[in-house]
Amino acid sequence: MTRVSGLIKVAASIAVILGASGLRAQAPAPLDEKGVPMGSLAPANLAKTRPKPAFDLTGTWLHAMGPNNPWQFSPPPGFKLTPAAQAQYDASKKAAAEGKAYRDDIGHCWPAGLPIIMTRVWPIAMMQKPTVIYMVSGFMNSVRIIYLDGRKHT
Numbered sequence: 001m002t003r004v005s006g007l008i009k010v011a012a013s014i015a016v017i018l019g020a021s022g023l024r025a026q027a028p029a030p031l032d033e034k035g036v037p038m039g040s041l042a043p044a045n046l047a048k049t050r051p052k053p054a055f056d057l058t059g060t061w062l063h064a065m066g067p068n069n070p071w072q073f074s075p076p077p078g079f080k081l082t083p084a085a086q087a088q089y090d091a092s093k094k095a096a097a098e099g100k101a102y103r104d105d106i107g108h109c110w111p112a113g114l115p116i117i118m119t120r121v122w123p124i125a126m127m128q129k130p131t132v133i134y135m136v137s138g139f140m141n142s143v144r145i146i147y148l149d150g151r152k153h154t
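Be aware that the sequence shown starts at 1, since it is given in the numbering used here, and climbs by one per residue.
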């Protein structure tokens, strides 16, 4: 075996070991008694003893719009913005008065993601179980899943 081929084998071995450790950090789910990954709603997973959550988000959530809480950002009365933020705010108000869009990120980035979909006019349904929170946005029925059963978040 030449020195170069030996170094290549060592490098390949290290790459495999490091790659495997990354996969282990993203383990998909807890395992059942047979060693099979359980789904977040598997009865055995739901039956595991867990501390009671501090709160339950289950329900339909809707951004409360009103004069001081519109779908776009508006500081509350008396609130002072930094000079840089005030310049952006003033530019957005000017664009709105001219009937133009100003930095409409949802119009430039598709699909819309969090947190912007939580600040528009569509409701979000949340279903919380001991192992998972499902969020379904009324905007394009976008689904977000937050695992609470110990698996790594990706």
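Don't read these hints as lab results, they were simulated from the structure.
Misleading hints may appear alongside valid ones.
Using 35 Å as the maximum straight-line C-alpha spacing, the simulated DSBU-like pairs for lysine-lysine come out as follows [claimed, not checked]: (1) Lys129 / Lys152; (2) Lys34 / Lys129; (3) Lys34 / Lys48; (4) Lys48 / Lys152.
Taking the hints in turn, this is what the structure says about them:
| no. | hint | in the structure |
| --- | --- | --- |
| 1 | Lys129 / Lys152 | holds, 17 Å |
| 2 | Lys34 / Lys129 | holds, 23 Å |
| 3 | Lys34 / Lys48 | holds, 16 Å |
| 4 | Lys48 / Lys152 | holds, 18 Å |
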